[in-house]
Each structure stands twice: as structure tokens, then as C-alpha cells.
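Produce the complete structure using the sequences and hints provided.
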Amino acid sequence: MDLDTLLSFKWSVMAPEFIILGVATLLSVIDLFMKKESSRTPLAWLAGAGVIGALAAIFMQLDTEVTSILFDTYRLDSFSKAFKILLLLGTLLVLVLASNDKKEDVEENRGEFYYLLLAALLGAMMMASSADLITLFVGLELLSLSSYIMAGLERQNKRSNESAFKYVVSGGIATAITLFGMSYVFGLTGETNLFLIAQTMQDPELLKHSFLLMFAFLITFAGLTFKIAAAPLHMWAPDVYEGAPVPVTAFLSVVSKTAGFVILLRFIIITFIAAPGIDSESLLLEVQPYVMALAAATMIIGNVTALRQRNIKRMFAYSSIAQAGYILVPFVSNSSLLFELIWFYLLAYLFMNIGAFTIIQVLSVQEKSNDISIFRGLFKRSPWLAVPMTFFLLSLAGIPITAGFVGKFGIFMGALGLEPAHYWLAAVMMATTLVSYVYYFNVIAVMFFRDSERTRVSVPRGMAAVLAFCAVSTILLGIMPDLALDFFYGNFDINEFFMNIEAVDTHTHDH
Amino acid sequence: MNAWLLSILIFSPLLGVLVLMFVPSSDEKSIKWLGVLGTLFPLGIALVVLSAFKMGGDELQLTEKFSWISYEVFQSKGQVSYPIFYEIGVNGLSMVLILLTAVVSVLAAIASFSIKQNWKSYFILFFLLEMGMLGVFAAQNLFLFFIFFEITLIPMFFLIGRWGYLEREKAAYSFLIYNGVGSAILLIVFVALFMKTGTMNFQELAYTFSLPQAELNQLFITKGFKMGMLIALLVAFAVKLPVFPLHSWMVRVHVQAPPAIVMIHSGILLKIGAYGVIVFGAGMFPDQFKSLAFVIGLFGVINLLYGAFLALTQTDVKRVLAYSSVSHMGIVLIGLAAGNTSGMTGAVFQVVSHGLISALLFFLIGALYERSGSSELSAFGGVAKRMPILAGVFLAGGLASLGLPGMSGFISEFMAFLGLFEKMPVLAAVGTLGLILTAVYVLRAVLSITFGAEKEMPESRDLSSSERVPAFVLLAAILFIGIYPAWLNDMLRPTLDAILLGLGG
Amino acid sequence: MLQMSWLIPLFPLLSFILLLLFRKSKSESTAWIGVLLTGISLVMSIGVFLAVWQGEGIKTEGTWFQMGERAITMGFEVNPLNALMLVIVSLVSFLVHLYSKGYMHGDDRFPVFFAYLGLFSFAMLGLVLSPNLLQLYMFWELVGLGSFLLIGFYYFKPEAKAAAKKAFVMTRIGDVGLFIGMVLLFWQVGSFEYDEIFASVKNGDLSSGMLTLTALCIFVGAVGKSGQLPLHTWLPDAMEGPTPVSALIHAATMVAAGVYLVAAMYPLFQASEAALTVVAVVGGLTAIFAASIGLMQKDIKRVLAYSTVSQLGYMMLALGASGYVAGIFHLTTHAFFKALLFLAAGSVIHAVHTQNIEEMGGLWKKLRITGPLFLIGALAISGVPLLSGFFSKDEILASTYADGKYGLFWLAVIAAFMTAFYMFRLFFIVFTGEARGETEKGVHESPGVMTFPMIVLGVLAVVAGYLNTTWFGTFLSDYLAQGAVELPHGDHHGPAWIPLVATLAAALGIALAYLIYQRGTLSRDWITRSLPSLSDVIYNKWYIDEGYDQTVVKGTRGLSKLGVLFDRYIVDGLVTAVTTGVQRLGRVGSRVQNGQVQSYGTAAIFGIVILLLIVALTGGYFS
Amino acid sequence: MSAVPLPAYLMLALILFCIGLFGALTKRNAVIVLISIELMLNAVNINLVAFAKYSLNPGLTGQIFSLFTITVAAAEAAVGLAILIALYRNRKTVNVDEMDTMKR
Amino acid sequence: MTGEMIAFFLLALTAITGGVLLINLTNVVHMVVALIFTFIAIAGIYITLSAEFVAVVQVLIYSGAITIIMLFGIMLTRHQEKEKKAPRLKIILTGLTIGLFFLIMYGKIKDLNFGQQNVELHVENTKKIGVELYSHYVIPFELTSVLLLVALIGSIILAKRDDDEKEAKK
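Residue numbers (the numbering used here), protein chains in the order written: chain U, 98 to 608; chain V, 9 to 513; chain G, 7 to 629; chain L, 1293 to 1396; chain S, 210 to 379.
Please note: incorrect hints may appear among the correct ones.
As the list claims (entries may be wrong) - Simulated coverage check for chain U against chain V, where a stretch passes if three residues somewhere in it have a Cβ under 8 Å from a Cβ of chain V:
#, segment
1, 485 to 498
2, 524 to 535
3, 542 to 554
Because the hints were derived from the structure by calculation, they are not lab data.
Idealized CB from N, CA, C, for every residue including glycine.
Right, dumping it as C-alpha cells:
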């Protein structure tokens, strides 16, 4: 392959990634030359501009056909576009949330945060737009490494240190496990291109090793649950969420989680769609009960343990575990609605969770605490914080006229849509949702039913904007979910996801 | 105008919310009056709707239908879409319930004058609650029904938890979790039905399920599936109704919530359960419903007797009334179990009648509580002396509650039992024991408050003029239905006939 | 005239509404509203009665509401039976209104009392005019309401409160029986109309078991309202109400409604021999049982109350023994003389302000009008010849004998003896001898508004008997024969010795009372001493109330308490168990979260291994 | 063909993986925990390289994959160590089981 | 038994021994040193698998770079040299779980054989790898450079001494 061939690829489709990469580099250089005392807020604006630029680039690509560069190591299809929008949007909101962070001891690391955030975003975006095991892995690690560092950015804060260390150890083990599983997936097929893997999976030779395949699947899957904070690799989340700075927690719980689902979808669906199961059924059908069990366990652990939390960030960590469990449900059901359901739920989740974290941030900065009691009497002190917070909590709990409800409704559609319908999974989800009412409404009760002498809360303008945007979106998507669904259906053809344009025509075994 | 009429009605309480937003929260007086005005407005529109409603005409009227949400699914068969529409309409049954909602809301708003704090947020939530209730009865598909159903949940949670009595928060959670269980089951059932049939519209669903089994098999709808769905629905609505043994939340709410809210709750919200059983249970799965009739009847009788027995020895008048509600909801079940014209009519009449009666009684309890600061029976005595009007209305309400002829309670009890006697005479005969017990506990409660030696109370003024309005309006309505039931009956008949046609009775 | 008869009940209703509006008025002239309006009713009733006497009748109905295919109707019907009842009710009601004007003088809720009277009269007249069972049932309950309100008129008295409640609940028990019977009939016949029910009965559409069942259910209703055994306990307690109320409701009208009901449904009863027998037995037992209690009571009104129960038992006995006319006849005469007795008793109470007969005495001289009137009443009820009671009681005895119910016949005779005894015991203690207690002073005769009604009733108590006599003509039975009911045996002219026996029993009773209470020949506590336990039982009303208290009331309350416990510990307990279970689970979850990152890893590996193990075990790993 | 069979390599990898895992989960010194994770990644590399030679589609890909893995592992070790040092400055400990201020 | 076989066994034995020593030694520095043997042995294994380039990288990065920074880490953190054993129960439980994992995997690995092998891997191994890296895998390769940059910057930020900054602030 010579330079001409390399240059013949349509590199322009990578524009969003290039923009992010460029801005990240620029930021690091600027940061290097900026005076230590000067505020890093301009960096935030620059980073934000970069994200918006990348978003714009993606919107301009909406009509672009499926494009593949270098044997799907980069791939632009509807799936990647749809989910990259989520990632970018999430990062943008986290940026605004962080830019207004007035906590002094973080100030000194402000600059690094921005370009680390962008680097993490870059990794996530690469995960969204690749169909090659190696790229996926490197993207995943880029995201992970940046996250480890971000979690530990508050160097003087013991909790931040500890959370970062826990994160890096858990993450390291998870990476090893994932890779161990992937190594078998790779080994049994000898390919790294997902489509080729899928093709090779149909090889009758592999029928003999269906057990190993199943093991590989389960190990890889379990390893990847680390990113989405689902069982069995969920336990890091509460500690890390608690210790990390709030913007990082928001990032972890939204963008990083979204990226986790992206890689799960990409890797699992494409790779195993044609794989044989142990009893010669489809492997994906055969693993359903196990994934279901994991989803159920995740929902139960997350919701039940959240009941006992007094620390709001920790509570949201468990909540986020539970939410991961919910999103795993359509994944289990293999419904044809899979992509839009997950996409929609993640979109809803993005708004409600970032919105909630914005308020947590405001309050925890003011009160110097993360205890639930910081919400005491919020309705009296600042109704304009209490009301949106209520919407976010209701949405998380899945109560109508919020986006969270429509998302959950969709998940149920997925779970009950195919024959045989997964009634018990739906029942577990509903039962745990009920349990979740208790702790979500507990926060609401604290805001509305308790009184407090504390003073009013002042909200920085940028955060207020994030808040308003998230609240409006949460409600709007709850009332008119078609806004998002039509956008999805109108611009994304999910068949592209399965379209192997590269491998069939041009792949040559050049070794 | 007519095309939008119903939507205007449903969302008309929002106008109140909007107006209240601009009133300073310290301006108690204007907020309270706006609170009443804000409910009068929907009442006015409800009356317009009533006038536009053709009695005994087509089954569904004033319908509206817009495309709302559309999921597109690619299956092997090709593209199948799962559209969700915004579709509303009224038939006789929902018209009656909408009217009841509008009326009771106004009266409850008046009764809310006794609220001591945070009037603004109180009334905003109150309006949202009213919107939810109106929507529940106007909804013509499962999705919309569920949404409005849940919308009623949230304001109620706040209203109980913030403005209730001492153990209000526990009551609020109790309310939330129990009703959450109900709505959780509902959601699963609704989605399951949706995914099997591709529609959420009540009528289309009813039509689909009435298809011959051979066609249904192609949709993977077995008899077992239908039965399972029906049972789940019944359980879900049993929570709301509530049916023994799922009633304890309701008692708690009735005791702890502010009186005006209990008026709404007992008067209307409980009725959603009955409405649901009628529309979904009997309306969509008539065959299965019939085969479950005995169980439903049994639970009806158990409810009736259990509530009555427990009401006998309660020392708190609110608890007496709460258990009395349990008991009276048993009559709804009894009527439904009968599944014949009289039974159905009785059930629906009981829905309306109990709505009015319990609203009246709780209103009076609220007035008494405000004066005495207690709701213990032992705290009262000889109220008739200083407050003859209150005592008189209270007695009248009690008599209505125990089914005195000439009042609405009689018609419903009579019809329900009449129906059940045709189908299950022995069960019905056992049930009539409840009529005696009802008399015992109602008189015990009413008499120990109004009769006997007078006891000291901090305040002993009779009903003020603003308090008389709700009391007399409700009493008049109770008497009107009791004396001239034909009006209500004519309105309900087409709807009930349609359901009865399915039940084959 | 007949077309207007539906207005008859409405005048009292109007009175009720008007008086409620004037409820705060202090003026006692408000009473005239009630008197006037019931007077109009009375006049109309008499007009209607006369028209019916001439053989007319009417039945008009309209749809009340439509129940599916079936129309539930409301309307009114005038037939001989209810025309007679109309007159009785409106007459007694009118007289009681008048009487109350004097009796209630000075009460601060004067208009309310008259309002309640109006409500009651409305309900009673409506009941009588009902052309179908459902309508009857509705008014039946409203009558109960009126009675309840009036018994509890002195609401501040705990006894009145208890009595009102008891009256309502006890009659409600009966009502439920009526309800069941009515509903069962409906599903058998398809209608609540008397006509249609009778037609079906005649056609033999109902099985005999069903006939008996429905008849008995309806009879239970009558038992409740008419204070028959075993639901009679409320009636004596109901004497807590003002005395005119007792005269109106608990002597003349409402309690007679049970008898009326059986009479109105007579074709149904006729079709079931068993039902008739039950009616007769219950009636006969009630007659003697209540009379026995009446022997020992010390409260003037209670004596009269038990007397009423006893007489109602007579009527039931008559109906049960196919003595349709006899029953109605006794109902009529009883209405007059019992109302008279009550009003006279009221007059006495009004004068001496006590109801305890042991504190009275020698009133004959002081109450110059009341005394003789009371004597007339006592003579009439005792069955002294030529007064109304004699004729009607004679007919009952005759028909019982003719029906072959000899045991009941002799029971009735003994009851007659007892009646005479306790009435004259009462008379002698109250009116003769010396004044006892502190009641001498200020005793004066009642005003004219009170004595006038008594005089009217006194006259009627004498002459009403001639409505149906062997000697002058059987006007009443001829008249009733126009009605729907086919009279059973025509008239009963049993053996000629029956009147003699009856007279003898009455004479014996009077004589015995005379000997004990006037002459003192026999010591007063003669019976008490000779049969202490029996007299104790009788004095305590056979311990029926206590028995109910110990069994039914305590049982119900116990069940209720049990229910409360069940509700708290089982129903709520389950919920608590679930919630604590979830919370425990949460605690376990958070304990696992021990902050050790290595434990997290171990847990994860453990999870994965479990998954792999399950796959291995279920997938045939070892094969 | 008498070459070393594929299962032998896989077994070696598995053993090393398990040892690494055990070390990562039980060793108290944080540095050793980090280095144990490196050992696990090494085990994966053995798998990858072995599969590069023996597989349905043997080729260089496995070796390239392992190169990426090595790089990533190195980066991870560096970052992990940096975090550890930051932590050590504040807490003066490298004992993993003392790092449990956040729990429950 | 061919020479390849013997070489494999020796290398494997060394690797595993290193691993076991890692587990069992108490001196932290000794542990790291033990692991150096493992890393080098693994490099040898790579050579038997015709992956010369990877083997070289292995030696450079693992036996060299990583081990050194780990040793530096140990020095920097001035720990007590002796490592205390973890609680027995924890060791047993973890050991059992991992043992089970091993057994399950072992059962299906032991007869995994595709019956073919690539014999040309060692031919121009490094060059071919280079070509592949710079053509086929250029995107992940570049991404890796970002990753390394992030790791570099991140490590510097995190490990930077605070006193410098505090002084700078003053």
C-alpha cells in the first residue's frame, strides 16, 4: 500500500475527529504558555468551540454515505454519526458545567482538564466510528487513560487520589479481562475486522469450539461492562464517582457510559450476529439469559444499594449503575428497535443526568459537602433549582412527560416486543424502578418537605444555561419524543451498521 | 371549536398555573380566589362539553386524533410501524366522570381555604392534579391514559407529603409505592398489548381481542395471554380501587392528607381504578372477565365486609371513613362481577355516588378538624348543638353513605346487589350483611360526633358561608341522583350497553 | 280525587321543607304549618277513602329509570287496603301534630320537631301509596329515618342516641331481609310490581321453595319494622323519643307497616303454607312474650311499648292464620286505642314530669279528661266487649281457631288475659290510690290542643270496632274484598264460645289487677316472692338485650378488633416485610461495597466464573 | 509436524493470566498490584502472538495487535504509577487495603 | 522432542516460576526482579512463535522500561520493604475463584487446534510489521500516539511535586 492509496481515502470524513484532535493539541500548547495565575476559562470556551465545530461537521456529514477508511479501521456510518452526536453533546455540556467550576483547588489544573476531556472524547468517538478490534481497543484505552487522569486531577484531595487509583486498578483489570476475551475472539477467527470476524464465525470449523466462543463472548462482555458500570464490573463506580470532581463524575456517568454502550453494540452485535451457539442455535440467542441475568443483577444492585446512600454523588453512582441495567434490557432482547431505543434512552439520560449533576455541582460547591442534606429546603431557597432538579429526578425515575419515561417505555417495547416476550425481565425492571422511586423521591422530599435556614443559591450563568437546556430537553423529549425519533429515523439508516462495504470487495489477505 | 374542545378542557387547569405564576406567593387572598377561579374555568368548559355531548348518541364523541410518536420497526415481514397517537374522546361514562372531576375540583378548591401555608405551590399542584384526572378520563389510548394516570400521581405525592398531617411523608411514600406498583403493572401490560397488536387505541384493541382465536393465534395472542393480561390489569387497578389486601395505603392517605385533597382522592382518584376495570377489564377481555366474575365478586364481598368490620371499632373518624371507602369500593366490584345491566349500572353509580358522598364527608371532617384540632371520635360530642348545619349535613352524608333511599348511595347499592343476586345469589346474600354493618359504623361515627353530651372545642362556629357552598352543592347532587337517577343513567347507557354487549349480558 | 292522591304525601314533605327553613324561628306558631298541611292530607285521604269505598281504584306509574330493557317504575296506587291505611296514617299524624303543639311547648327546637314529623308522615304516606315493592322499600327506609330522627330528637341524651341507633340498626336488619326478598322476587318475576308478582304467583311461575324463601325474607322485613320476636328490642327503647312520637310511630303507623307489608304481599304468603305458619307462630309467640314483659315494667311508656309489640304479634298471628281481615281490623282499632293510650300517657307525663309509674298515683282526680280517656283505651285494648278491641281481637281468635292453630289460639287467650292485667295494673297504679313521690304539686290537666286529639281518638277507640261485627255488618271485610287479595275464608265466625273466652280472659285480668293494685287483697310482690327467678327474668325482659350484647354485639366487635389486628400485623406486616427485605438487601449491597478495590475485582471475577460455570453446566461442557 | 502445539501456548498464557490476576487481587503493595496487571496483559499478548501463528487465518495481525497492547500497557503503568505517587504524597501509604475511605 | 519444544518448556518454566515468585516473595523489590525473568522468558516465547519484533519490543518495554519505572515507583514511595500477607480467607477465596476460572478455560483450550500454522511469519518480520503499521493500521497507530501523549502529560501533572506549585503561587 503506497502513499497514493493512502491518500486516496476520503480522509475528510474524519473531520470531527481531526477537529477535536487539533483543538486538544492547541489547548495543550496554549496551556503550556499561559501564565499560571491566569484563568483557564478561555480554554473552556475554545474547547467548547471545538466540540461545537465537531458537531457541526457531523451534521454536515448527515447525508454522507457509508464510508470506510483502511479496512474499517475508521468507519463513518449512521451508527457512528448518531452516537457521536450524543458523545459530543454530552462533552459540550460537561465543558460548560466545568467552566463555571469556581473551586479554587481545581483551578490550577483547569487547563489540563480541558484537553484531557477532549482526548477522552476523541477515544470515545473513535470507538463509535470503527469496526476494527484494534482501533476499538486503542480508542477504549484512550478514553480510559484520560478518565483515570481526570479522576485524579484534584491532587491535594485524598478522595480524588483514591478514586483515581481505584479507577486505574479496576480499569486495568477490566482491560486485561476484556483483552483476554478479545484475544480468543481474534484467535478463533484470526481477524480484527469485525465484519471479517463475523464472516469467519460461520466457518463450520468453529462449531467445534463453540464453548470457547461462548466463553470469549462472556469474558469480553463482562470486561466491557466496566465502562458502562454494569454487573459484574460495576463496583468501582460508587467510589470513583464519589471521589472524582463533579464534572468528571458527570463525564464518567454520561459520556463514558455512552461510549461503553457504543463499543458493546459495535463489537457484540456485528461480531456475534452470525456466530454459532453451543447447541447450534445462534450464539446471540443463547447468551440472552446470561445477559438478562446481568442486566437484572445490575438493576437490582444499583437500585437497592442506592437506598442507603446519604452521599448524593454516591447515590447517583448507584443510580447510574441501575440505569446501565435498564439500557442493557433492549440489548438483551435483540429487538429490531435496539438502536433507536438505546440511542433515545442515552439521549434522555444525558440530559437528565448532566442536569442533575449541574445542580449537585452548584450545591456541593456552595455547601462544601456532598451529603443529601445540601438539598434541604431547596424549593424555598431556590425554586428555580428545585423545580428542574425535580424534573431530572422524575425523569430518572421514569415518570411521564419526561424523556426518561419515553425511554423506559421504549425499553419495555424492546423487552416485550419479540416472541417470546421477556416478562420477567420487564418485571424486574419495573420492580427495581419502584425501589428507585424511594431514593429519587427522597431527594425530592428533602427539597420540598424539609426546611432549612440556608441562604439562597447563586448559579453561574453558564450553568444556568446548561440547566435550562437540560430541563427543557428533558420535558420536551417527554412530550414530543418524535423530535428525537424523527431526527433519528430521518437521518440515520441503521442498516448501514451491518453493511460491510469494505471487507467483501477490497479485503485482501496481504500477509 | 368543537374539534379542540376536549383538549381545551383537559389542559384548561394549566391556565390557572400560568396565572398563579405571576402572583406573588405572599398574596394569600388572591391566590385562594384564583385557586377557585382556576377550577371554575375547567368546570365551565366541562359544562360546554356536556352541552356539546349528545346524550345517547354515538358512542365516542368529540374525538381528537393526532399522530404523536412513531416507532418504525423493520421485521422480516417488512416495515411495521408502532404509531402512538394523541387521541381523546368522551363517551357517557367518561363524560360523567369528567363532570364529577370538574365539580369536585371546584369544591375541593373551596375547601382548600383552610390550607395554612404555601398556597401558591399548593394550587399549582392542585391544577396539575386536576389536569391529570381530566386527562385520564378523556384518554382514548393506553399510552395517554398511562401518562395522565401518572401525572395524577406526582402532584398527589407532594400534596400529601407537604400539606398533610403529622405522618404525611410516610403516607406520601405509601401512596407513591403502592400506586407505583399499580402503574408498573399497567405499563407492562400496556406495552405488551401494544407490541402484540400494534395499536393502543381502546376500541381497536377491543376489536382485535374480539377476533376469532384462529386469527389471534397469528398475532401470538393466546387465551392464556389474554387471561394473564386481564389478571394483571385487575391487580393493577385493584391497588388503585383499592381492593383488600392492597388497601392499607389508602387508609394512610385518607388519614394523613389534607381534607381537600382527600376529597379529590377519595372522590375521584379511587374511581380511576373502577374506570380502568370497566374500560380495560370488562371492555377488552369480556370472556375472560366473565370467567373471573366469581373471584371478582368474592373480592367485592370481602372488601365490603372487611372494610365494614374494620370501620366498626376505629377511634379516628378519618379511619372510619377510610375503611368505609374500602367497603364501598367493594360494591363497585360486586356490580362489576354481576356483569349484567343492573350490576354495571350499580357499579358506575357507585363510582359517582361514592365520589360525591366521600367528598362531602371528608369536607366536613376537614371543617371539624379545623375547629377542634382533632379527628378522634372521643374528642367530639353534641356537635349538633352549636353547629346544627354542620351536624345536619354530616348526618345526611352519613345516611347517604349507608344507602338511604332518596340518596345516591341507595341506587348504586341496590343496583349492584340486584345484579349480583341474579348471578350469585348466595354470595350476594352474604354481602348484604355489609349493609347492616355499614349502618352500624356510620351511625356510630356520626352519632358520636353530633349527638350526645356536648364537649368543649376550641372553636365552635357553624359552617361559614364559603363552607356551605361545597356542602350544599354536594348534598344537592347526592339527592338529585338519588331521586332522579334517570339523568345519569341515560348518559351512561350507550357506553354500558356496549360493554354489556361484549359481556353478553 | 283519586288522580290527585299522589299529593297526599307531598303536603307533609312541604311541611318538612318549610319548617327546616324556619328552623331558627322561636315562634311556636310554626307548628300550625305542620298541622295545616297534614290536615290537608287528612282531608284528601278521607276523600280518597270514600272514593275507594265506592269501589274505585287507581294505579298510575311512570318510568323512574331504564335498566337495560326493563323499566324501573315509580307511581302510586290506591286500593282498599292502602286507602284505609291512608286514613289511619293521616288521621293519627294530624292528631299527633296537634297534640305536639301543646306537648312540645317550650322546646328550643320546636320547628325541627314538626319538620321531622312532617318527614315521617311523608314517608309513611308514600309507603302506603307505593304500587311496587321497590318504592315501598325506599319509603320503608325513609320511615325508618323519620323514626330515627324523632327517637333521637333529644340528641344530647345518651339514651336517646343509643335508642335511635338501635332502632335504625335493628330495623335495618329486617330491611335487609326485605331487600333480599324483593330482589329475589325481581329475578323470579322480572318486576317489582305487586300486580305482576301476584300474577306470577298465581300462574305458579315460582317454585314452592322460592315462594317460601321470598315470603320469609319479606317477613323478616316486617319483623324488623313491627318489632316482632326476635328483633323487637328496639321498640321499647324507642320510647326515648317524645311521647307524641311514640303515639304516632311506635304505636299507630310505622310499626304497623310490617303488618301492612304482609297484608299487601298477602297473595305471596297465601301461596306458601310454611310462610304463613311461620308468620303465625312468630306473631303468637311475640304476643305472649311481649305481654309477659309488660307485666312487670315500671315505665309507663315501656308498658305501652310492650303492649304494642304484643298487639302487633296479634296482628301477625291473624295474618298467619289466614285472618287477613282480622289482622287489618286489629291494625285499625289498635291504631286508635294505642295512639290514645300513648297520648294519654303523654298527658300524664306532661303533668307529672316522670315516666316511672311508682312515682304516680291518684291522678284520676287531677286529670279529669285524661283519666277517663285512658280508661277507655285500657278497656278497648283489654278486649272488653262493645269497645273496638273486643271485636278485632275476637276476630283474630276466631280465625286462629278456624285455621286449626289451637296452640296459638290458647297462647293468644293467655296473652289477652295478660294484656288486661298489665293495662289495668297500669291504670290502677297511676290513676287510683294516693299520690306518691314528689309529683303532687303543679299537676294540671293538659291544654286543649292536647286533649282534643285524645277525645277524637277516644271516640274512635270506642266506635271503630263496629266496622266489622257479626251483628251490625262486615263493612270492613266487604270493603277489603274489593282489593287484589282474595280473602281466605270469608269471615270467621268460629264457635260462639270464643268471644266468651276472650271476655272472660279480659275480665280475669282486670279483676286480678283490681285485687292486687286497687284493693290490695293480694300483695303486690306476691308473684315476685313466689317465683323470684321467673319474675327476675321477666323483669329483665328475658335478658334478650343482654343476650344480644353478649353474642352478636360482642362477637361483631371482637371480629372487628381481630380485623384491626389482622390489618396491622398481617396486611401491613407483609408490606413491611417486603420493604425491610429490600432494605436488608440494600444493606448487604452496601456492605459488599467495602471500599477495597481488590474485593471489587474479586467480586467481578467471581461473577464471571459463575457465568462460565453455568454455561459449562447447562451447555454440556463435559460431553 | 512436531512444533509446539497451540494449546501449550494458550495454557502458558492462561497460567500467567491467572497468576497476574491473583497478584492483582491479593497483593497489598500498590506497585505490585500494578505490575500484576502488566503480567495479565502479557499473558494476553502470548495469546495474540500464538494465535498469529496458529489460527484459521494466521497472519501478522496478531503480532501487531500485541504491539498495541504493549504500548497501551506501558502507558497505563505510567499513569497508574503517577496516580499512586500522588496518592502516596497525601496518604503516605501504598497499601491497597488502606485505601478505603470511600465505601458503603 | 524437538529443540523448539525444549526451548518452550524452559521458557515457560521460567515465566511461570517468575510469576510464582511474584506471588510468594515478601520483598517488593525481589518481586519485581522475579518478574523481569518472566518478561524475558515471554520474549523468548515470542521468538519461538516467530515474532522477533514483538520479542524485542517486549524486552525493551517490559523488562526495561516498565520494570524500571516500577522500581522507581517503589523507591519513590519509600514503603517498608516487607510486604504483609493479605488475610488468609481473602487469599483462599480469590484463589479458589481463579482456580475455577483456570479449570473451566483449561478444559476447552487443551484441544484447540486448527491444524495449520503460518510458517512465513519470521520472514522479514519487522519490515512487514512496519508496512502494516503504517498503512493498514495507521489510524490506531496515530491514535496510540495521542494516547501516549495523554499518558505523558497526565503522568507529569499527577506526579508533579506540589511544593513547586505552592511556591509558584506565593
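Report task. Sort out which numbered hints this structure fails and list those numbers smallest first. Result -> none
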